[in-house]
Structure formats: structure tokens, C-alpha cells
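Asker: Produce the entire structure from the sequences given, and follow the hints as far as they go.
Sequence lines, in order, name chains A and B. Note that the first sequence covers residues 11 to 313 in the numbering used here. Note that the second sequence covers residues 712 to 1048 in the numbering used here.
Keep in mind that the hints were calculated from the coordinates and are not lab data. Since we're looking at a predicted model, the values are computed, not measured. Just so you know, even glycine gets a beta-carbon here, dropped at the ideal spot from N, CA and C. There may be inaccurate statements among the hints.
Said to hold, decoys possible - With a cut-off of at most 30 Å between alpha-carbon atoms, the simulated DSSO-like pairs for lysine-lysine come out as follows: (1) Lys773(B) / Lys228(A); (2) Lys796(B) / Lys773(B); (3) Lys61(A) / Lys228(A); (4) Lys228(A) / Lys847(B); (5) Lys77(A) / Lys228(A); (6) Lys77(A) / Lys61(A); (7) Lys782(B) / Lys796(B); (8) Lys796(B) / Lys178(A).
As the list claims (entries may be wrong) - Pulled from the structure, derived: some chain A residues nowhere near chain B, Cβ distances all over 10 Å: (9) Leu18; (10) Ala82; (11) Ala215; (12) Leu220.
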Amino acid sequence: MFFLSRALRSALTLWAIVSVVFVATRLTGDPTYYLMPAEMPEQQRVELREKLGLNDDIATQYLRYGKALVRADFGRSFFSNRPVADLFFERVPNTLLLTIPAFLLSVAMGLCGGIWAALRHNSLFDRALTTATVVMQALPNFAVGIAAILIFSLSLRLLPSGGMGTWKHMVLPVITLALASSANIAHLVRSSMLEVLAQDYMRYARSKGLSPAVVVLKHGLRNAILPVLTILGLQFGGLVAGAVVTETVFAWPGVGRLVIDAVMKRDFAVLQFGILMFSTAIILANLVVDLAYGLLDPRVRGK
Amino acid sequence: MNQRELLRVENLRTYFYSQGRTVKAVEDVSFSVEQRSTVCLVGESGSGKSATAFSILNLIPKSLGRIVAGKVLFQGEDLLQISPKRHRALLGSDIAMIFQEPATALNPVYTVGEQIAEVLRAHRRCDARQARRQAKALLDRVGIPDAERRLDDYPHQLSGGMRQRAMIATAIACRPKLLIADEPTTALDATVQAQILCLLHDLQQETGMALMFITHDLSVVAEIADRVLVMYAGRVVEEGAVGQIFDAPRMPYTRGLLEARPSVHAGVSSRRLAAVSGNPPDLANLPDGCSFRPRCGYAGNGCDQSMPALETINEHSVRCFHWRQIGAFAPVPEAAL
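Answerer: Put into C-alpha cells, the structure is as follows:
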């Protein structure tokens, strides 16, 4: 029952997103200006539009697109004429190469920073971290990325400024991507941990003669992590969105760049598919979070 | 030193700090607990009973306050001075504590079995299977039916009484020499209260542990205590054997507490319960002289000048300038008979 209503709501969400994107892309202009030089005769332009199905009114196009979707036909790129799913999925590994390390890094930094700050409440470290998290959450990804390039690539010449190749190419984009979300997580872990540390069961655990590590990590963290889980799902969405920007800044050939290029060139099918996939990923991430909740909190499981 | 002495608390002072004020929660408290005996700590809320208990375990949160002075000698070792490692080895093993609210003291995300087993794993050399088997035996011992299945239950799946039993099972897991019980029955129904008291009594007979029992319920004290400590505003104001306290209370405050007990004796239904009038003092701003003076019906000469010292006669201590006169004039409270 839970899954059924959940699946239904997810499908509705996806449908709404697809529709909005479909209409919005068509409002942005005519892709044929990118497909052929501006000085080409109008006659040829009309023929090309006819061929691409862009002359029909928007409702007809929408219906045609919907029918194709049901057959899992997502269309082809106007430019390379390749199926968009192929274009997209061949680049997924590149993006995962950034997002997975960034996600792990941000969780690790967020947990360590947050726990330490809570244990040393009101210490210098705690104050510094709190300030830093606010700053990092406020800084946009592209600014951090460009600053990182200026410092580490141009001035210090330690790391490449863009492209893909060695592990060195990964360092800056991964850190850029992880920074904001680690700040988010640290902030939340800290406040959640502070609350947990004041709980009766923490003092009770100490009265049993357990080591501080067991008290904090086993008894504390397991409880403190629960409110953080919700944010982790959202963070994942943030990483996807962040990847779009970060891949552009660092010239990283992932799906983010693919989608940005599709926006620039009005490659409708590619753009629509990209956003459909991003949305699906975020919905799945949140589903995983809900399942993890049931796993970690026995009080939720019973209901 | 007394051969049978298990715990001796000397001049313990614990202060809490909040909003620039110093709250003297425990002020110069001394007492001792003999092996196998039951000592009851009695007093109103905020009299420093729980703070004393947590100070003995050295578990006052640093963010709230500090033990500023005193010694807590457990079998000759000062619990406030020993290394953290040695301290951990004693806690949960030789000294165990049960809390007032099992609902909040048990960790909501671990099974009851796990919370018992972890004490065994921490203090006794045993693997997970042995720990689980022992945990089951302990649940059986504290009277939890269907123990095998209950091991895998989470605290929220148990009733209040069952949770308290589970906490008792955890406390006795390593056969402690001293069990500190901080109002263990306050959060429970009356019938369950009686069962828990019975259980604690039986366990004490069985294991020979000493019991330090914190309560504000004098009817409980009458049933279980060997010695009674009455606390008021962070200080011990009267201490004695249970018979001395109930039959010949010396301190006006103790008299007040005894008179405030409901009783089923004749003619009581028409009588209003005598409450100790007024409120406990602000621990950050104590009155001059005796802390109880503002509420004391016997206050007189000198009571506002200085804090009376604890005076001990026949192993019965009292902190009052006028206890001799009061004892001579006033009859023993009816409710205590």
C-alpha cells in the first residue's frame, strides 16, 4: 500500500516535471537557428522544422511526445541524431565519478565536524565551524569553483583547472561539490547531536561504564543521525544540481555538461531526458531515505 | 574505618551554573552506606537528592555544573580521583544505577536485549551468544514473561513497569555491590510500584548488594530503609536509623514531611493533610542562617544568624538549634504511628 501510493505520487511528480519542461523548452526559441547557418533560405528552415516536427502546434507535439514516452522512446538529439538515452547514459559514469566521492566526502566531513563541534560545544572549534558552515552554505558552487581554480591552478599550479584524466583532475571539482553539502550536514549533525547529548539515555549509557566512543557513536550518533537522513536525500538532489554547475566550471564531460549544452543549443529531447533522469534520481534518493528510516528507527518500523 | 562500610561520601559539594548564577545543589553532604544495607535519601524535588546520586557516580554534565569539593570513597577508592578507565570499570559493574524514567533512560533505537548484553560484554569476558543467554536469564529473574521474545523488543514496545524491570535487569547484570536507585517507582502505577519494591528487596537478599534509594515517598522509606537521610536545600538536615526518624524525628522539616503523609488511621478523612507550608528556597540565593527558617514553625532565637551544624547523638544527626526543646514539647506526629 505504502509503495503503491508512493509510486503513484512519484509518477505524478515526474509527469508534472516533464510537462513543465516540455512547454518551457518550446517557449525558448527555434533550434533550427543552431542547426543551420542564419543565412540559409527560409524554405529550407521550414522543411527542417517540418522534419523535426516543430511546426505542429504545441498540444500535438506534447501528445506525440507522451505517446513515445509510454513506449520508452525518448527521442533523438537534433544534432547528433543519436538516441538521447545513449547520449545520457554514456556520460553517467563520468558524473558518478564526481558525485559519489563528493557525497561520501561531504557525509564524512559533515559527520566528523558536526560531532566534534557538539562534543566541544561553545569551544573555538565549534564557533569556527558554525561560522564556516554559514559561509559555505551561502557561497554558490560556481564561485567556489572559480576561486579554487584561481588559487590552486593559476597561482599555485598544483592542480589542473579542468578536463578529465588523472585523479588530480578530480580533486577540485569533488571538493567544490562536497563543500556546500558538507557544511549543511555538519550544521545539522551538530544541532541534532547537541540535542541527543542532553538526553537521559546518554547519561544512562555512561552510568553503565561504557567507553566514551561507544556512548557517543553507538548511543548518540544512531539517534542523532535520524533527522540528518532527511537532509541527506535533499543533499543528493543538491549534488545533482551542483554537478551541472561544477561540471561546467571544470569542463568535466558528465551529464551536467550534456544538459547545459542541450539548453544552450535548444536540443529539446536531450534536455527533457536529462531532467527526467535527474528528477527520477532525486525521487529514488528520497525513497531510499524513507526506507533507511524504517531500518534505523524501530519506532517508525512498527507503524 | 568501619569494616562493613562500602561507600563513604565526605563533604561533597556540587554546584550548577546557569545564567551567571551558582546553584548550590549539593552542599557539604557526608554519609556512608554499609554493605547489604539500604539507605534512603528523602527530600522534596530540588533538595539535591539526584544531584548527590549523580555526583557519587561522577556523572554531572560538564555543561551544567561541577563537583567542587569532597570525596566519594567506594571501598577506599575515591571515585572522583581515579582514572577514567578505572572509573568505567567500576560503573555498571560494582556500582550500578537505575533511573527515574525508564522511558527516556533506555535508548529508543536498541533492543532491550542489546542494552543488557552490552553491559555484560563491557565488564565480563563473554561473547555475544553468552551475553544474550545471560540477558535472557536476567529478564526471567526480574519477572518479565516470555523473556526470549522480549529480548528483541524495543523499549517503546514495553509497558512502564516492564521497562523499569528491564533497567533493573541491566543494573544487576554484573552483580553490583552498590545499587543506586533514583526514584525508580515514581513514574509507575501504585500496584506496579509495590511489585518493583518487592523485586528490589528480593534481589538485595539474593545478591547482598547495598541499596541507595532516592525517594520523596515516606511510605516506601518506612518499608525498605535501614538508615534515612533527609535532605533540604542541598544539605543533610537529619540522618538516622529508620526507627529513629519515624518515631522520634528531631528536625522540624522531617516532622513536616511525616505529617504530610496521607494515612488510613481513624478520623483522617475529615482532616486536611498538613503540608509543609511555603516553597523550597532558591538554591542560588539561600536565606541567611538556617535554610529551613522561612518555613519553620519553630524558628526562633539565632535561627537567622547562622546555619546550624549537624549534631550527632546516638548515631542520629540533626541540623537544628532547637531540636531538644521541640522534641520535648511536640508529640510524635500521628501519621508516623
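Asker: Now tell me, hint by hint, if it's right for this structure.
Answerer: Against the structure, the hints come out as follows:
About 21 Å separates the Cα atoms of Lys773(B) and Lys228(A), which keeps this hinted pair within 30 Å; it holds. A hinted pair counts as satisfied when its Cα atoms are at most 30 Å apart, and Lys796(B) with Lys773(B) qualifies at roughly 18 Å. Restraint check for Lys61(A) and Lys228(A): the C-alpha separation of about 63 Å exceeds 30 Å, so the hint is violated. At roughly 22 Å between alpha-carbon atoms, Lys228(A) and Lys847(B) fall within 30 Å of each other, so this suggested pair holds.
Distance hint between Lys77(A) and Lys228(A) is unfulfilled; the C-alpha atoms sit about 52 Å from each other, more than 30 Å. The straight-line distance between the Cα atoms of Lys77(A) and Lys61(A) is roughly 18 Å, inside the 30 Å bound, and the hint therefore holds. The hinted pair formed by Lys782(B) and Lys796(B) meets the criterion: a straight-line CA distance of about 18 Å does not exceed 30 Å. Between Lys796(B) and Lys178(A), the direct Cα distance comes to roughly 45 Å. Violation of the 30 Å bound is thereby established for this hinted pair.
Under the 10 Å C-beta cut-off, the non-interface status given to Leu18(A) relative to chain B holds; the minimum distance is some 31 Å. Every CB of chain B is more than 10 Å from the CB of Ala82(A) (nearest about 42 Å), matching its label as outside the interface. Chain B draws Ala215(A) into its interface by the beta-carbon criterion, the shortest separation being 7 Å against a cut-off of 10 Å. Not every C-beta of chain B lies more than 10 Å from that of Leu220(A), the closest at about 6 Å, which undercuts listing it as non-interface.
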